[in-house]
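Peer 1: One-letter residues, chain by chain:
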Amino acid sequence: MKFNSDEIASVLQAEIEQFDNKIDVREVGTVLEVGDGIARVYGLSGVMAGEMVEFPNGATGLAFNLEENSVGVIILGDFLTIQEGDEVKALGTLLSVPVGDAVIGRVLDPLGNPLDGKGPVQTSETRPVEIIAKGIADRQPVHEPMQTGIKAIDAMTPVGRGQRELIIGDRKTGKTAIAIDAILNQKHTGVKCFYIAIGQKDSAVASIIEVLNRHGAMEYTTVIAAGASAPAPLQYVAPYAGTAMAEHFMYQGGHSLVVYDDLSKQATAYRQMSLLMRRPPGREAYPGDVFYCHSRLLERSAKLSKELGGGSITSLPIIETLEGEVSAYIPTNVISITDGQIYLQPDLFFAGIRPAMNAGISVSRVGGAAQIKAMKKVAGGLRLDLAAFRALEAFAQLGTDLDPATQAQLDRGYRMVELLKQPQYQPLSAAEQVMSLFAGTRGHLDDVPIKAVSQWEKDYLQFIRDKHSTLLTEITEKGDLTDEITKRVLDVIKEFKSGYKPVVPA
Amino acid sequence: MAETAQHETVLDIGAEQLGKTYARAVLGAAVRENASDQVLDQLRGIVNETLREHPKLAAAFHSPRVSAAEKSRILDRLFGTSVHPILLKTMKVMAERGRLGYLGAVSRAADLLHDEIAGRVVAEVRTAVPLSDELRNEVSQRLAQSLGKDVRLKEVVVSTLVGGMVIRVGDTVYDSSVASRISQMGRVARDGFARKLLEQSERFASEV
Numbered sequence: 001m002k003f004n005s006d007e008i009a010s011v012l013q014a015e016i017e018q019f020d021n022k023i024d025v026r027e028v029g030t031v032l033e034v035g036d037g038i039a040r041v042y043g044l045s046g047v048m049a050g051e052m053v054e055f056p057n058g059a060t061g062l063a064f065n066l067e068e069n070s071v072g073v074i075i076l077g078d079f080l081t082i083q084e085g086d087e088v089k090a091l092g093t094l095l096s097v098p099v100g101d102a103v104i105g106r107v108l109d110p111l112g113n114p115l116d117g118k119g120p121v122q123t124s125e126t127r128p129v130e131i132i133a134k135g136i137a138d139r140q141p142v143h144e145p146m147q148t149g150i151k152a153i154d155a156m157t158p159v160g161r162g163q164r165e166l167i168i169g170d171r172k173t174g175k176t177a178i179a180i181d182a183i184l185n186q187k188h189t190g191v192k193c194f195y196i197a198i199g200q201k202d203s204a205v206a207s208i209i210e211v212l213n214r215h216g217a218m219e220y221t222t223v224i225a226a227g228a229s230a231p232a233p234l235q236y237v238a239p240y241a242g243t244a245m246a247e248h249f250m251y252q253g254g255h256s257l258v259v260y261d262d263l264s265k266q267a268t269a270y271r272q273m274s275l276l277m278r279r280p281p282g283r284e285a286y287p288g289d290v291f292y293c294h295s296r297l298l299e300r301s302a303k304l305s306k307e308l309g310g311g312s313i314t315s316l317p318i319i320e321t322l323e324g325e326v327s328a329y330i331p332t333n334v335i336s337i338t339d340g341q342i343y344l345q346p347d348l349f350f351a352g353i354r355p356a357m358n359a360g361i362s363v364s365r366v367g368g369a370a371q372i373k374a375m376k377k378v379a380g381g382l383r384l385d386l387a388a389f390r391a392l393e394a395f396a397q398l399g400t401d402l403d404p405a406t407q408a409q410l411d412r413g414y415r416m417v418e419l420l421k422q423p424q425y426q427p428l429s430a431a432e433q434v435m436s437l438f439a440g441t442r443g444h445l446d447d448v449p450i451k452a453v454s455q456w457e458k459d460y461l462q463f464i465r466d467k468h469s470t471l472l473t474e475i476t477e478k479g480d481l482t483d484e485i486t487k488r489v490l491d492v493i494k495e496f497k498s499g500y501k502p503v504v505p506a
Numbered sequence: 001m002a003e004t005a006q007h008e009t010v011l012d013i014g015a016e017q018l019g020k021t022y023a024r025a026v027l028g029a030a031v032r033e034n035a036s037d038q039v040l041d042q043l044r045g046i047v048n049e050t051l052r053e054h055p056k057l058a059a060a061f062h063s064p065r066v067s068a069a070e071k072s073r074i075l076d077r078l079f080g081t082s083v084h085p086i087l088l089k090t091m092k093v094m095a096e097r098g099r100l101g102y103l104g105a106v107s108r109a110a111d112l113l114h115d116e117i118a119g120r121v122v123a124e125v126r127t128a129v130p131l132s133d134e135l136r137n138e139v140s141q142r143l144a145q146s147l148g149k150d151v152r153l154k155e156v157v158v159s160t161l162v163g164g165m166v167i168r169v170g171d172t173v174y175d176s177s178v179a180s181r182i183s184q185m186g187r188v189a190r191d192g193f194a195r196k197l198l199e200q201s202e203r204f205a206s207e208v
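Chains as they are written, first to last, in our numbering: chain P, 1 to 506; chain U, 1 to 208.
In case anyone wonders, no lab produced these hints; they're calculated from the structure. Please read all numbers here as calculations on a predicted model, not as lab measurements. Beta carbons are placed, not taken as given, at the ideal position from N, Cα and C, and that holds for glycine. Watch out, some of these pointers could steer you wrong.
Said to hold, decoys possible - Calculated cross-link-like contacts (lysine to aspartate or glutamate; reagent style EDC-like; alpha-carbon spacing at most 16 angstroms):
hint	chain 1	residue 1	chain 2	residue 2
1	U	Lys89	U	Glu33
2	P	Lys376	P	Glu144
3	U	Lys20	P	Glu68
4	P	Lys89	U	Asp171
5	P	Lys501	P	Asp459
Unchecked claim - Some chain U residues judged to face chain P by a derived CB distance under 10 angstroms, without partners named:
hint	residue
6	Gln17
7	Arg77
8	Phe79
9	Asp133
10	Gly170
11	Ser180
12	Asp191
13	Ala194
14	Leu197
Throw the hints in and build the complete structure from the sequences for me.
Peer 2: Structural data, given as structure tokens:
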């Protein structure tokens, strides 16, 4: 291969001819001091809050603090080569990121620069990073399901398109795993996914990208990464940048899923910036507006009205708690902002119940309206039953004799817990989940040994896929368990059980 | 808040703020006596000549170990007859309040304030070669026309500009220098070329 130099010259010539010869008028200031990702600038007397500025080394900054004598600027980029006395130029625009189909499948930093070595993002479309969310009149209630492919979640805390469902739990409880499964499950649904890694180890982000690639999920996913080594200002803007990219699809009537992994690190980055800017610290040393920092971000997840095309952004913010402390500042804030939370517990996780969701305190405030009818029918009282089972289980461990009804409730509970276990990276379709939960909640598993349940379910689903795939498509299409379908499901279960002997693993 | 303005970019915001306050006071008093030009000239003279030539005096003015009464006596002896009474009184007030070390900041702020009141602005003109008289007149006339104010030019020669000129009025910079145009053209060409190269990579490359 060889470059055709004539062609290159012609492109250059066109660029030079288009170059207009105007006097460059700009507002400038002088760097007084710089360090830790922030700079104090003298001058810039006409700069506005949130305006972009440029340093001589090419780094951009945001006017963050406007004071009487100086301007506090957060530096989005390399601050080590900025010197005292450097001239800072106001750009007169707000921070924007590239958007559109060109960002799909890419790994970008929060400014839209490539991190995957595939060259610059080829698009001329941009959107401002910080915009105010749409108001009441431009929205409609959440009504379409956003299937995560995880039985426990789709059955008990269903998520709708446009909802904000918090994933909260201690470290190493499978928070990211749930989000990744939800992304994998969006294959063939047309939902664009955005995974925003904030303050994560770069190795962890690399392995997530690897998983997404392996399962073909990068075709519809964008990863925005501001790793642990990125300066705090970049970690702070990452979620807003990712949301701006998702909004592009929402306003075109499309659907997107945004995962913020995780917002506690963003709050920490914001705290660092605020303290360096000498804003007064409040509770846990967070600045007073850390609530607004999260509320204005999550408010941008919405289900737009029909007039605006009916697009949506569903968000799965993640919060890491310390020792299960959900009453700390940031967790309570984000719990109160979101439309429900999935609470993951370490003891459940280590007992092998994965996803380690605590059914008692996990809720979905709007998702119920988005569940398909069939799922509502099979999983109606499941969450409360399971919570009651947990209470009963603790009681039963005392070793007292139980009456047959209580014993039956316990037996059902043990089997449901087994049934709701699900391996990582294996999301199930809604129809498969319905088939599976039908067997559990209607008591068809009561005669299967507890330890054999998961193998039973696996073989049962394989049996259905092989022999009765029409039933699955019918459930998917109708979305409801009509009398006729219920009868067919019962027949299928009967047929499967007649030829199957549960295997108890040794 | 040490008086540290050794070169332009080292700036003590506290001292500048302090300077502005005293400058407003001294200018107010001088205007009432109709002696603002005289007072400001003398203040500039003290800061730029006397204090610069005698660093020990400047150090004494700054030092908290020299008492206010002593400073007052020094001021009387040195400037008792040579400066306007308002300026002398101002310096004594500053000495009493332990701010005599900030005379430089007061002088700078007073000059700016005086210019502002008189509707004058200072325009810094950076050029690659020294301005000719003709050009100087034209520049100041054009600036006065477009800004609607009296313009005082402050000329700086920066050979790296290559050509053209950069004019700075307050925080606004009007840049028509050859250097910045070249770098901007370079950036546009680079971006455009990278974009074109990726968009139409097959057009540029031919199999050999």
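Peer 1: Each hint: holds or not?
Peer 2: Taking the hints in turn, this is what the structure says about them:
1. U/Lys89 with U/Glu33: 13 angstroms, holds
2. P/Lys376 with P/Glu144: 14 angstroms, holds
3. U/Lys20 with P/Glu68: 13 angstroms, holds
4. P/Lys89 with U/Asp171: 10 angstroms, holds
5. P/Lys501 with P/Asp459: Roughly 11 angstroms between the alpha carbons, so the hint for lysine 501 of chain P and aspartate 459 of chain P holds.
6. Gln17: Interface hint status for glutamine 17 of chain U: holds (6 angstroms vs cutoff 10 angstroms).
7. Arg77: Interface hint status for arginine 77 of chain U: violated (36 angstroms vs cutoff 10 angstroms).
8. Phe79: 31 angstroms, violated
9. Asp133: 23 angstroms, violated
10. Gly170: For glycine 170 of chain U, the interface hint holds, since the closest Cβ of chain P sits about 7 angstroms away, which is under 10 angstroms.
11. Ser180: Interface hint status for serine 180 of chain U: holds (6 angstroms vs cutoff 10 angstroms).
12. Asp191: OK, holds: aspartate 191 of chain U within 10 angstroms of chain P, min 8 angstroms.
13. Ala194: 6 angstroms, holds
14. Leu197: 8 angstroms, holds
In the structure shown, a violation is registered for the earlier hints numbered 7, 8, 9, in ascending order.
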